[in-house]
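Chemist: Chains as they are written, first to last, in my numbering: chain A, 1372 to 1584; chain B, 1372 to 1584; chain C, 1372 to 1584.
Keep in mind the hints are simulated off the structure, nothing from the lab.
The model shown is predicted, which means the values in this text are computed figures rather than measured ones.
Every residue gets a Cβ at the ideal spot worked out from N, C-alpha and C, and that includes glycine.
Hints are all accurate, no fakes.
Derived pair list, reagent style DSBU-like, types lysine-lysine, alpha-carbon separation capped at 35 Å: (1) B/Lys-1571 - B/Lys-1518; (2) C/Lys-1571 - B/Lys-1518; (3) C/Lys-1484 - C/Lys-1571; (4) A/Lys-1571 - C/Lys-1518; (5) A/Lys-1461 - B/Lys-1518; (6) C/Lys-1571 - C/Lys-1543; (7) C/Lys-1571 - A/Lys-1518.
Partner residues aside, some chain A positions facing chain C, computed with beta carbon under 10 Å: (8) Ile-1492; (9) Pro-1493; (10) Ile-1494.
Chain by chain, the residues:
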Amino acid sequence: MNAQTLNFWLNNLAVIAFAITAVLAVNEKDDIDIFAVIVLGSITAVGGGTLRDLIVGVPVFWLPDAVDIRLAVLASVCVFLARPFFRNTKVYVLMLYLDAFGAALFAIQGTIKIWGLGLTIPILPLVFGVMSAIGGGIIRDVLASRKTLLMSSELYIIPVLLGCISMVAVLKFFPEHVLIGEIICSAQIFLFRACAIHWKWHVPSFLILRSKI
Amino acid sequence: MNAQTLNFWLNNLAVIAFAITAVLAVNEKDDIDIFAVIVLGSITAVGGGTLRDLIVGVPVFWLPDAVDIRLAVLASVCVFLARPFFRNTKVYVLMLYLDAFGAALFAIQGTIKIWGLGLTIPILPLVFGVMSAIGGGIIRDVLASRKTLLMSSELYIIPVLLGCISMVAVLKFFPEHVLIGEIICSAQIFLFRACAIHWKWHVPSFLILRSKI
Amino acid sequence: MNAQTLNFWLNNLAVIAFAITAVLAVNEKDDIDIFAVIVLGSITAVGGGTLRDLIVGVPVFWLPDAVDIRLAVLASVCVFLARPFFRNTKVYVLMLYLDAFGAALFAIQGTIKIWGLGLTIPILPLVFGVMSAIGGGIIRDVLASRKTLLMSSELYIIPVLLGCISMVAVLKFFPEHVLIGEIICSAQIFLFRACAIHWKWHVPSFLILRSKI
Chain A
1372 MNAQTLNFWL NNLAVIAFAI TAVLAVNEKD DIDIFAVIVL GSITAVGGGT LRDLIVGVPV
1432 FWLPDAVDIR LAVLASVCVF LARPFFRNTK VYVLMLYLDA FGAALFAIQG TIKIWGLGLT
1492 IPILPLVFGV MSAIGGGIIR DVLASRKTLL MSSELYIIPV LLGCISMVAV LKFFPEHVLI
1552 GEIICSAQIF LFRACAIHWK WHVPSFLILR SKI
Chain B
1372 MNAQTLNFWL NNLAVIAFAI TAVLAVNEKD DIDIFAVIVL GSITAVGGGT LRDLIVGVPV
1432 FWLPDAVDIR LAVLASVCVF LARPFFRNTK VYVLMLYLDA FGAALFAIQG TIKIWGLGLT
1492 IPILPLVFGV MSAIGGGIIR DVLASRKTLL MSSELYIIPV LLGCISMVAV LKFFPEHVLI
1552 GEIICSAQIF LFRACAIHWK WHVPSFLILR SKI
Chain C
1372 MNAQTLNFWL NNLAVIAFAI TAVLAVNEKD DIDIFAVIVL GSITAVGGGT LRDLIVGVPV
1432 FWLPDAVDIR LAVLASVCVF LARPFFRNTK VYVLMLYLDA FGAALFAIQG TIKIWGLGLT
1492 IPILPLVFGV MSAIGGGIIR DVLASRKTLL MSSELYIIPV LLGCISMVAV LKFFPEHVLI
1552 GEIICSAQIF LFRACAIHWK WHVPSFLILR SKI
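From just these sequences and the hints, can you work out the full model?
Modeler: If you want it as structure tokens, here you go:
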């Protein structure tokens, strides 16, 4: 299995993981239909990368062959069909890990894509890496009238950002080890985020802005 | 009257219809001024098509001659001037039909445009057809802090999607009858949606995701 | 100091002013972390111009050298570090003036940029001038789950729009005095808005749409 095939499958897995987690956006009070599930699932899966591609001015990644969007729609339909399954609390927690997995892959792949476009001023791969990971979920939350990730003290952006920084370091100093760096940095994000989910870590209070300080 | 002239006028009508319905977004509690009415009206009218054109990477449709944006602004100003008129419940219901009319035209025109760009994997004309129809309204609702269409059980996306599917079938199997197909598929969406408004049809419950199932 | 250098520094000042005002979006109820401050600050600073550039189809202004985004991130970090300072009511009022300053510069610079692209149908520089000024703040408010500017009767869009109209007049009738026009029109917006802040002017009631009229 070469790097391109690996990336293809990892990307597909990340799309499916994110599309599935869209069901997390369903509030207890709302009745949403299968088409809303598909729209929210697809936006969660491809929204961050779409925004990134639009801003850097390259063709949107899911357009030519429509693989990602078809996967996202299919995964959303499966989520809808299996909906009784998602009442289970254990499944809900599993979703958080799936989301961490998707975020880890999207962040690192986004970072690498931006670097490959020659946008190598370090802040740019970081901005777009984080955007690839959290953009879709934020758009989903806005459309679902939920509070976005930004307004919580969830430990989410920090693991993503640290992983992107590691990846930029690999791209800059060890450009011959990008593939192994990709795997390690994705794992770094996933494991840090997984610890945060498992032990309910939050952003440390000295990094929090409170109106009453 | 040839096909191009017909399309020009139908498109103008759809823009006006959508701009007018922006007044639907005004909540009883909010005081909004004429400029907010213009912004919301214009976004409702051109937002979905703008998003579609950005994502597929073609010039945004209202830029070269600014006809659509001028119409949208003009219609919004008229709505503002005629505001006492909109207190009437009958007018409110008429607005729902106007909105259905705009959605029907935008959906089918979006589908045809995407097909014409060579994006003929069936899911793409469907995604962008639906986006053309509902995108503007969703952005308007987000800006107006209202619950979006997606979080309701309104029977709206289903008529739009079925019409787009019909149109894709026409484009694929009867490419010589696009004009008549355009009219029939637009009518299909409008009539289905109009029935849903008139008889208060909602999405059938087996297509609804409830947190308590 | 020539026109280009002046514009460079005025633009940097506007970016910093807008990034700082992002702290205005923090609601008393929310705990947001430093990374959310950075994301909200950056979006407030570059969001409106990014949207403008995407829609007109030119490269996004902060991409090539990343100066604006670095300034926005830096300003956001400073805001976070100086957070006790922002509890002061006087500082809060100062922020409103800073915001007026940023809006004035962005509106006029946006108007000039669009005119320079040959989009000289008067409505286009006006649409994009207003978008440059208010776009970032509106996206910030949406992400922070706050009511946007559009749903208030704040006297904000009127000063911006009038300034853009003046600038379009200068560009059309006195194209040889663009630099002096830029300064005067920016000052016009800032002063009108500053008066509105100081004397608590609101949009006059005949321009307000009320559901109960």
